[in-house]
Amino acid sequence: MAARSSAISPVATPNTSPIFATLRALAAHPMGLLGGLILLLIAFAAIFAPLITSVDPATIDYTAILQPPSSEYIFGTDEIGRSVYSRTVYGARIAMIIVLSAVGVALIVGSIAGMISGYIGGRTDTIVMRVMDAVLAFPTLVLALAIVAIIGPSLVNALVAIAIVSIPSFARLARGSVLVVRELDYVKAAEVLGASHLRIMMFHIAPNILPNIIVFGSLTASAALITESGLSFLGLGVQPPAPSWGYMVAIGMNYWTSWWMSFFPGLAIFFTVLGFNLLGDALRDVLDPRRVVD
Amino acid sequence: MMRSVRSKAAQLLTVLVLSSFIVFAIGALLPGDPTIAVLGDTATPEQRAQLRESLGLNDPLIVRYLTWAADALRGDLGTSLRSQEPVLQILADRVPITLQLTFLSILLAVVVGIPMGVAAAKWRGGTADLVISVVGLSSLAVPYFWLGILLILLFSIQLGWVPPSGHVPFFEDPLQNLKLMLLPTITVGTAMAALVMRQARTAMLEALSQDYVRTARAKGQSEFITTMRHALRNALNPIVTVVGLQFGTLMGGAVVTETIFSIPGLGRLVIDGIFNRDLAVVQGAILTIVLCVVVINLLTDLVYAWLDPRVKV
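These protein sequence lines are chains S and G, in that order.
Numbered by this note's numbering, the letters in the first sequence go through residues 1 to 294 in order.
Numbered by this note's numbering, the letters in the second sequence go through residues 1001 to 1313 in order.
Chain S extracted, bound-state conformation (with noise of 0.2 Å):
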């Protein structure tokens, strides 16, 4: 058993910075290990999509439509003879893009809003909360949908609905660890030393809800794919041509006998949603001295 009163301490040694101890910590835990390995492999495709494809996404090919999976197309052909494998390739690109900065914009903005509704306390407080917890009450897709359906479809649209949907419970997040934190005796040691709000906030408050955030970011980010993959999915997402997962899922129903349509690009929505769990779990169980590993 950790002992309790270290509360949340860096796991870092005095010579190693914490990011170094981090990655050192999740190298020798291995769901960790298989989570960064899988998402390493998703951002290689999606950087280096042209490289290892030989089929622009793009091409039509009217002589070899429906194709199933072959030594020349290797996930198969769609219903105009575009390259499935190549599609998917570059789908990991729309999904990375979307995912990565509406997550990122989403945790700005919401841990920043949950830190000072925290921080200062009273009715502010009290408003910003409810105003979270209505948006809470929706099911995330469902407000996402609805988002883009009055802001219209696309790239950067379903990036907003995703970021906006998301933003509550970094807020409820960041709010909760404030409260905890900002008891704490060194805060209090700050605030007698007459340290500046700003300052307490930023370089004592914030460096230690950290962890948190960032193991949650990740937690997000699944369910931030699961959700733009849904948009697109109902045809409410990045708009065709562009290869979109989700989309190319919808498209392959409408071709029952040409299972690979549908299969591949969820089989690559599946392993990303894992990756980023996996490794949330893991920085969950790494980052938090308190948390005995099982």
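Treat the hints with care, since some could be wrong.
Said to hold, decoys possible - To give an idea of the interface, some chain G residues facing chain S are shown, with a C-beta separation under 10 Å as derived from the structure: (1) A1025; (2) L1030; (3) I1152; (4) V1242.
Stated by the list, open to error - Over 10 Å on every C-beta distance to chain S, these chain G residues come out as not near it, computed from the model: (5) S1019; (6) D1059; (7) V1131; (8) L1175.
Quick caveat, the hints were computed from the structure, so don't treat them as lab data.
Glycine included, every Cβ here is placed at the ideal spot set by N, Cα and C.
Position chain G against the provided structure of chain S, taking the given hints into account.
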């Protein structure tokens, strides 16, 4: 005690007012001219202006919200621009279908998830634990729509055991209804089962390490009774919470799942409403979904208190 109930009620009311405003705003902000849906393309600008005035579309947003909310409280959610049916009537037809799907999914999640979680905790670190954990992690990562399609490919197209899609009201033909609901239930319930399993495992590990479990064992109680009556009874609370809190996610899953399986529920209603620009229908359907989520969250709190007498509502 009275004070905490009152502040809880006030909190609930505030959330309801705020979220109903969001629902209203969604309907008001959706692009598209509602007069086209009523009058068609051929109407003159004067006719349109007249209709806008009579529909109250020229009033300030807050006035329109208050009118809408007052009507909604009286049970008047407007009429569908498309079918000219009262929205409340449409909802009355659709809501039971989605509720059946969500409750069947919860049933599946509980029936599968709890025993798996208990088994994983009981044989912690063993093969069973590993297999259950891998299955659980994988189930959490499967997108609803992909799972639905894989199920149709396997059980309908390949094996031909169940029809791929469609819906029959339960009271018309219960057997056919359940047959058609089978794949959608698995689609929505799988991720939930994994969540229940993970929560059950954690809670059981906690409960099994408690003194009262050791006491029960020391008294010579059988291992089965110890696990079920002493440990599981105390592990139920966090499990109930996870089911309650995930209800919203479940409703979101129903939206996609109903689309795949052509089930005429609340989710389909939202999607169709959005594509048809049928504002009153979209507002009514989303409002109903939010109401369900808020009510279920409240019920979760109450069940929590009932299961654990130490907790005050």
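Enumerated hints in conflict with the structure, sorted upward: Hints 4 and 5 not satisfied by this model.
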